[in-house]
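K.L.:
Here's the letter readout for the chains.
2 protein chains.
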Amino acid sequence: MQQFLEESKKISREIATLSGETKNKVLNQMADALIEHCDFIVHNNSKDMKEAENNNLSLDLKDRLLLTADRVKAMAKAIREIAALKDPVGKTLDGWVTENGLNIQKVSIPIGVIGIIYESRPNVTSDTAALCFKSGNVCVLKGGKEAHNSNQAIANILRNVLAKNKLPEQAISLLPDSSREGVAKLITQDKYVDLIVPRGGEALIKFVSQNATVPVVKHDKGLCHTYIDKYADGKKALEIAINAKCSRPGVCNSMETLLVHKEVANYILPALHEAFVYQQTELRGCEETRKIIDIQCATVEDYDTEYLANILSIKIVKDVNEAIYHINKHGSGHSECIISENYSTINKFLDEVDAACVYANASTRFTDGGAFGLGAEVGISTNKLHSRGPMGINDLTTFKYKILGNGQIR
Amino acid sequence: MQQFLEESKKISREIATLSGETKNKVLNQMADALIEHCDFIVHNNSKDMKEAENNNLSLDLKDRLLLTADRVKAMAKAIREIAALKDPVGKTLDGWVTENGLNIQKVSIPIGVIGIIYESRPNVTSDTAALCFKSGNVCVLKGGKEAHNSNQAIANILRNVLAKNKLPEQAISLLPDSSREGVAKLITQDKYVDLIVPRGGEALIKFVSQNATVPVVKHDKGLCHTYIDKYADGKKALEIAINAKCSRPGVCNSMETLLVHKEVANYILPALHEAFVYQQTELRGCEETRKIIDIQCATVEDYDTEYLANILSIKIVKDVNEAIYHINKHGSGHSECIISENYSTINKFLDEVDAACVYANASTRFTDGGAFGLGAEVGISTNKLHSRGPMGINDLTTFKYKILGNGQIR
Numbered sequence: 001m002q003q004f005l006e007e008s009k010k011i012s013r014e015i016a017t018l019s020g021e022t023k024n025k026v027l028n029q030m031a032d033a034l035i036e037h038c039d040f041i042v043h044n045n046s047k048d049m050k051e052a053e054n055n056n057l058s059l060d061l062k063d064r065l066l067l068t069a070d071r072v073k074a075m076a077k078a079i080r081e082i083a084a085l086k087d088p089v090g091k092t093l094d095g096w097v098t099e100n101g102l103n104i105q106k107v108s109i110p111i112g113v114i115g116i117i118y119e120s121r122p123n124v125t126s127d128t129a130a131l132c133f134k135s136g137n138v139c140v141l142k143g144g145k146e147a148h149n150s151n152q153a154i155a156n157i158l159r160n161v162l163a164k165n166k167l168p169e170q171a172i173s174l175l176p177d178s179s180r181e182g183v184a185k186l187i188t189q190d191k192y193v194d195l196i197v198p199r200g201g202e203a204l205i206k207f208v209s210q211n212a213t214v215p216v217v218k219h220d221k222g223l224c225h226t227y228i229d230k231y232a233d234g235k236k237a238l239e240i241a242i243n244a245k246c247s248r249p250g251v252c253n254s255m256e257t258l259l260v261h262k263e264v265a266n267y268i269l270p271a272l273h274e275a276f277v278y279q280q281t282e283l284r285g286c287e288e289t290r291k292i293i294d295i296q297c298a299t300v301e302d303y304d305t306e307y308l309a310n311i312l313s314i315k316i317v318k319d320v321n322e323a324i325y326h327i328n329k330h331g332s333g334h335s336e337c338i339i340s341e342n343y344s345t346i347n348k349f350l351d352e353v354d355a356a357c358v359y360a361n362a363s364t365r366f367t368d369g370g371a372f373g374l375g376a377e378v379g380i381s382t383n384k385l386h387s388r389g390p391m392g393i394n395d396l397t398t399f400k401y402k403i404l405g406n407g408q409i410r
Numbered sequence: 001m002q003q004f005l006e007e008s009k010k011i012s013r014e015i016a017t018l019s020g021e022t023k024n025k026v027l028n029q030m031a032d033a034l035i036e037h038c039d040f041i042v043h044n045n046s047k048d049m050k051e052a053e054n055n056n057l058s059l060d061l062k063d064r065l066l067l068t069a070d071r072v073k074a075m076a077k078a079i080r081e082i083a084a085l086k087d088p089v090g091k092t093l094d095g096w097v098t099e100n101g102l103n104i105q106k107v108s109i110p111i112g113v114i115g116i117i118y119e120s121r122p123n124v125t126s127d128t129a130a131l132c133f134k135s136g137n138v139c140v141l142k143g144g145k146e147a148h149n150s151n152q153a154i155a156n157i158l159r160n161v162l163a164k165n166k167l168p169e170q171a172i173s174l175l176p177d178s179s180r181e182g183v184a185k186l187i188t189q190d191k192y193v194d195l196i197v198p199r200g201g202e203a204l205i206k207f208v209s210q211n212a213t214v215p216v217v218k219h220d221k222g223l224c225h226t227y228i229d230k231y232a233d234g235k236k237a238l239e240i241a242i243n244a245k246c247s248r249p250g251v252c253n254s255m256e257t258l259l260v261h262k263e264v265a266n267y268i269l270p271a272l273h274e275a276f277v278y279q280q281t282e283l284r285g286c287e288e289t290r291k292i293i294d295i296q297c298a299t300v301e302d303y304d305t306e307y308l309a310n311i312l313s314i315k316i317v318k319d320v321n322e323a324i325y326h327i328n329k330h331g332s333g334h335s336e337c338i339i340s341e342n343y344s345t346i347n348k349f350l351d352e353v354d355a356a357c358v359y360a361n362a363s364t365r366f367t368d369g370g371a372f373g374l375g376a377e378v379g380i381s382t383n384k385l386h387s388r389g390p391m392g393i394n395d396l397t398t399f400k401y402k403i404l405g406n407g408q409i410r
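Line by line, the protein sequences are chains A and B.
Residue numbers for the first sequence, in full-length UniProt numbering: 1 to 410.
Residue numbers for the second sequence, in full-length UniProt numbering: 1 to 410.
Quick caveat, the hints were computed from the structure, so don't treat them as lab data.
Please read these numbers as outputs of a predicted model, since none were measured by experiment.
Don't take each hint at face value.
Okay, derived cross-link-like pairs now, DSBU-like style, lysine-lysine, Cα gap no bigger than 30 angstroms in a straight line [unchecked claim]:
1. A:Lys10 <-> B:Lys262
2. B:Lys185 <-> A:Lys185
3. B:Lys10 <-> A:Lys221
4. A:Lys230 <-> B:Lys9
5. A:Lys329 <-> B:Lys9
Covered stretches of chain B, going by a simulated chain A footprint (3 or more residues, C-beta under 8 angstroms) [unchecked claim]:
6. 99-108
7. 369-376
8. 383-396
Just some of the chain A residues that point at chain B, by a computed CB distance under 7 angstroms [said to hold, decoys possible]:
9. Ile240
10. Glu274
11. Tyr359
12. Asn361
13. Lys384
14. Gly389
Ideal Cβ positions, reconstructed from N, Cα and C, are used throughout, including at glycine.
From just these sequences and the hints, can you work out the full model?
P.N.:
Structural data, given as structure tokens:
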């Protein structure tokens, strides 16, 4: 493993200096190759599907695992879109001349070797491989066991394109040892690996955070809130709350807890209740809430739970301060929203809530690279440093200072 | 300890929203207070100096520990300079409107709670406390045991100024338990601590890197190279090499290994030899070098050693590629320099050397917040992510997205 990663590090220097033209040509060839070898991918995916059947995987998981000709086409399209993005490497981020004439330039460069650990959906394999290649990085991918054959097939096709272009195949690799021990090795090889991106369940994130010596950009849970303020527009409140909870309850940017200002609770809660019942959402409320609408009781654990399901906890708060306090205490720093028409209250909320994305009067569901206009994303970072929120292609770069002198000494 | 850090986190929300005006007023009062209580500081420092005498600390360490009235004045001046810096908080770093009308703003914000672990010099206490406060952060400082009384005195003075301004004193704190166990606790409280900055020896850096679950910005060693190319200007080569090694051998941005192109070795090495002998620098060379000048033999360990002393290893390389290869293999990613007049060779070196600061024709000694024009620095980061190279006040911030909507749902 060490030898493999040492080699990854070595070739990362070659990949880092590829021109944008070369990278885009290769990426478009990769998209062509996926279409050309669609049958091969689907055939290998069917092995994983059979295994999933044998292991009684849930319908939802099987759907995430499944690849069809249409889905392969979508994968190819995603790669072409990544090729079309502006090259994130070589940008002058800042620059100045010092008093003694040193010309200092801060320039974006690739990170190097990036390890990405993710779960079942096999399209993540081609997406992240393309994002890493576009940004001049070598990737080491560790997908879910259940997608093993699909991931292998996709990686082989992408690697063949690299080889045809006389580029080192290992620039896109699956982790050779995908056991827990293999992962443990990957995340501690800080001499050769520059960044680990874990996307997955809490146990994975915890394992990686506690054991990695390589820097980690976590894609942790999203325990998102929407706060309906005293000065909320009722129509917006209703539409945004329903959208934030019900449009896709299983994703990280959906709402888990609704906070309602006590002075509008009597007016807004019955309408919300009716709308959520229509959406078959299970509601759990605090004592004050239950005096107004007839729902289940929320326990203390509810406010710390990312349901990822059509369940919502509701709490009545006395003002925006209590809302901010509750969010900073129970939130996961992902996406938080205030619905209000009051200028000062909104500013207070936007300033004081500690989260990657803080919304005024819009659904938290917009936290997404595509919706932000950043293009394809590696995921949603819950880190506070390096990358925060939608992790686009620019977050796959770091920088160096180039300093041009003329004999200066100190 | 957990309770203490929980409180630090809580008050970090208050410190984060202070206005620039308030922060600068308080900082200038802190500078005044240091001058006013100069005797108190010097008195407490004398206790540390006595202890140092009893423990037979080296002259160098004792000099680093010593505080005089002049040094206290310099500390006060540094705080005033920090107050005069532009507020790094609240800057709009980027901003755009999406197709559906969401107004997205990427805004700089304080990091939160920062733990800083450092060694003997007590002025670091006031410098880092002021930098953290200016950038809206709460700091938890763990200084060297040998400076305990000095650090306590300085911190008390600064805290009194906070209290007088009705601000929470705990915004500037010394770590309550400064044992190894205390540090181990600090670096694993990722719920309350947002960043750890270790400045110190290799053992400390290793301990923190391997055990922290809080993100770490390392201030690790500087194993810096200067490469004299075939097309070097001889005068610049001589001046820069001597400066990079001899102006202050004990600091991280000084040169440890000199690489010389084989085609200029015969011409440049005798002159360098003479100049270094004059500077009393101990030279250790490869076999090829020793055919030209009569110096000691460099072992394989030499090329991996940060001497921090007036010792230099020399190696002859066959071209810029071998120089780059050697640097990327043995360097610590800190500061590297090429001396050349050849445009393409310089560009190749600047592009392919993997380090925070890559110089053409200037001494690596310029890697420093002040020399870069960034103002006071927390140190020199050897991280590749978040902060790289001189870590100024802007690196003590992160960002959030503020998204202003008008009822948008997805």
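K.L.:
Determine which of the earlier numbered hints do not hold for this structure and return their numbers in increasing order.
P.N.:
Violated hint (a single one): 10; every other hint is consistent with the structure.
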